[in-house]
Amino acid sequence: MTSPVKVYGPPMSTAVSRVLACLIEKDVDFQVIPVNMSKGEHKKPEFLKMQPFGQVPAFQDDKISLFESRAICRYICEKYADKGNRGLYGTSPLAKASIDQWLEAEAQSFNPPSSALVFQLAFAPRMKLKQDPGVIKQNEEKLAKVLDVYEERLGDSQFLAGDEFSLADLSHLPNSNYLLSVTDRGALFTSRKNVGRWWDEISSRDSWKKVVEMQKSP
Amino acid sequence: MVLKLHGLPMSICTATVMTCLHEKGVDFELVPVDLFAAENKQPSFLAKNPFGQVPAFEDGDLKLFESRAITQYVAQEYADKGTNLVYQDSKKGAILLVWKEVEAHQFDPAASKLSWELAYKPFFGITTDQAVAEENEAKLGKFLDVYETRLSKFKYLAGDCFTLADLHHLPCLHYLMGTRVKELFQSRPHVSAWVADITARPAWSKVVAMTKQN
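Residue numbers (UniProt numbering), protein chains in the order written: chain A, 1 to 218; chain B, 1 to 214.
Hints were generated in silico from the structure; no laboratory data involved. Cβ coordinates follow ideal geometry from the N, Cα and C atoms, glycine included. All clues stand as given, with none of them false.
So, partial list: chain B residues that the calculated Cβ filter (under 10 Å) puts toward chain A:
#1 LEU46
#2 GLY52
#3 GLN53
#4 LEU62
#5 SER67
#6 ARG68
#7 LYS91
#8 ALA94
#9 LEU97
#10 VAL98
#11 VAL102
#12 LYS142
#13 THR149
Residues of chain A clear of chain B, computed beta-carbon distances all greater than 12 Å:
#14 ASP184
#15 GLY186
#16 ASP206
#17 LYS209
#18 SER217
Extracted from the complex, chain B is given alone in its bound form (with noise of 0.2 Å):
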């Protein structure tokens, strides 16, 4: 049975998703959403995802929103297929735990404002906010002090190995290093080493291959 993915690789959160199915080497189809004739506020989407966002997902009779809960459910579902995503010893996971709340909660809300201002914004032709940009440019910076010092001690934000919590900030990651908030990532010697490591990663090429050709 194929898994289903219903969104566009345009959006952050179905980049992630679809970065994960490649990881785990899972066939998927992509169905995509027309967002522009707001096809996602129709009742059939609505069905699948109640709050009207990309991505929806669904494997066989399982449908799930929410890219996080997806990601997590395909990385322990399919633990045995390509990339180990998740740590199945106790004391790494929970680690890892806190380190996909720290992308959620900390990176995201400004590197998905940055993005929106800076990245998507200008490709449609709407006036950057500057002021939101500035002020959502001084807390990621104060953030990536805290990856600095973190990354000093590990090659990956939940340990050793690439994770869940790492894979979570490409999508974020790719539009903002097209903008000038690079710097904040070029200046901090181990968090532009990670950049680069985490973004070279096949997988993530795939998707950045598919956002193009959209």
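The shape of chain A in the complex, shown without the other chains (with noise of 0.2 Å):
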């Protein structure tokens, strides 16, 4: 019997939430090991031997030890193929391919200024840090140029990469419920139908949603 995996690093981390949605909806056993960060535990020796750039997650399975959150959730849909979900990554080159393309489309496009929307409104207020309305200002500008090309997108498909839930749409999920749910910026979505749409539908998952419970425990 194999051993959970191990995912380090807090839940309410982005990119952690990212990994621990994809092993929920690939059904593989895991364990998540804390990792203080307020006191700087990320930047220390034991930690940095995993992750040499000082940054959450960093997983372990077996005896590989991996990090880069998008390039975890690939290894695991590939590792555990025939798990849980087994469209997540698709079945096809073809299908792969096309949910390659909008997984980098979220990481270069939409992954930025939702990021810089989420630490600006969410986690600067808590970390007691001044916000900048410039930055607030652009980002939200470029965010909604982006969004306006998936309202186009998800009018003529259900989800990002085709018909069907895939990693592409789950990369989205950590920065989006940060800004749906802290935030007031949720209109971004919700004034935009398909956008709209869309979010109800994959937010709603049951993976997302055990995610979120984790989210708040302490």
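Using the hints, build the complex out of the two chains.
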């Protein structure tokens, strides 16, 4: 019997929660190992051995040590292809290519402005850091343009990469969830009919609901 | 059926895909996109890439955008041709996945901003923002410290073989090595050796020649 995979980092981290959502979709047993970021544990030599850039998550499975949430997700989907949601990373090369395309769009176009907004609007207040109105405005405009592209795409397709929920959609859950539940910028999504519909569908999946519960635990 | 790549060699992302296609020895047609006339914002191009960015790619009925998705597809689909750019072994493949993401999320943001400030802007006669350049030089220096340690243990980023993880650095490296930022690479011996090795590859030299023609 294989031991559970290990995910190092707090569930409230967007990148950690991306990996947790994937593990739950794929029905893979896992253990969350806490990393005390307020005490700088992620910058200490022990942690840097696993993740040399000093960021969460780090991940271990068998004797493999990995980092970068989207690499970990792809690895989980490939290694555990027959478990849980089998179509999460596509069941043919063409399906996989389309999912990779939209996963890259998430990483390159959606993630930068949405992460900046999540930091400014959700985390900075909690950390008692000053917000930057210029940064907020700039990133709202960028995110709006990306969501315009999504609005059009989701008018033609149920999910981003096709008619099935995939890793590409999953990757959007962490940042979107913070924007919609903790900030007042949710209208960026809900004012767009197709994006709003897509958000309702992906966020109501059991796997994501379980991650949100984990984020609430102390 | 000939593959089509829509873009321009001077675009970092287009050059990356061209390099991959040359490494694989796969024939393709480069279809120029007139960025200066905003052809990439026209409906006919947006149908290929709704974000209005180059490159866009076609292989028969398959249409793709995002350079890293394109190269991954090409490397797998044409696995038996040319240079092997991915690992089929699952453990080595997992490590490759990591270092591809490192290029995308650690190296590229700082490197592409620096390329813009220190290479493209002077070429177009626009003033460099020194504050942005210095901020990103500092970031890049820290990432290269991690690369230095990594490359002291392995010849290439993902292991003993040249892969997509190394390839994706080439176009930015090319621009940065023509600026003051080259010192960041040259002052780190293992990084410097790696840069010299990968930039000497024939596939990359073909792309450089095409960039100069334009």
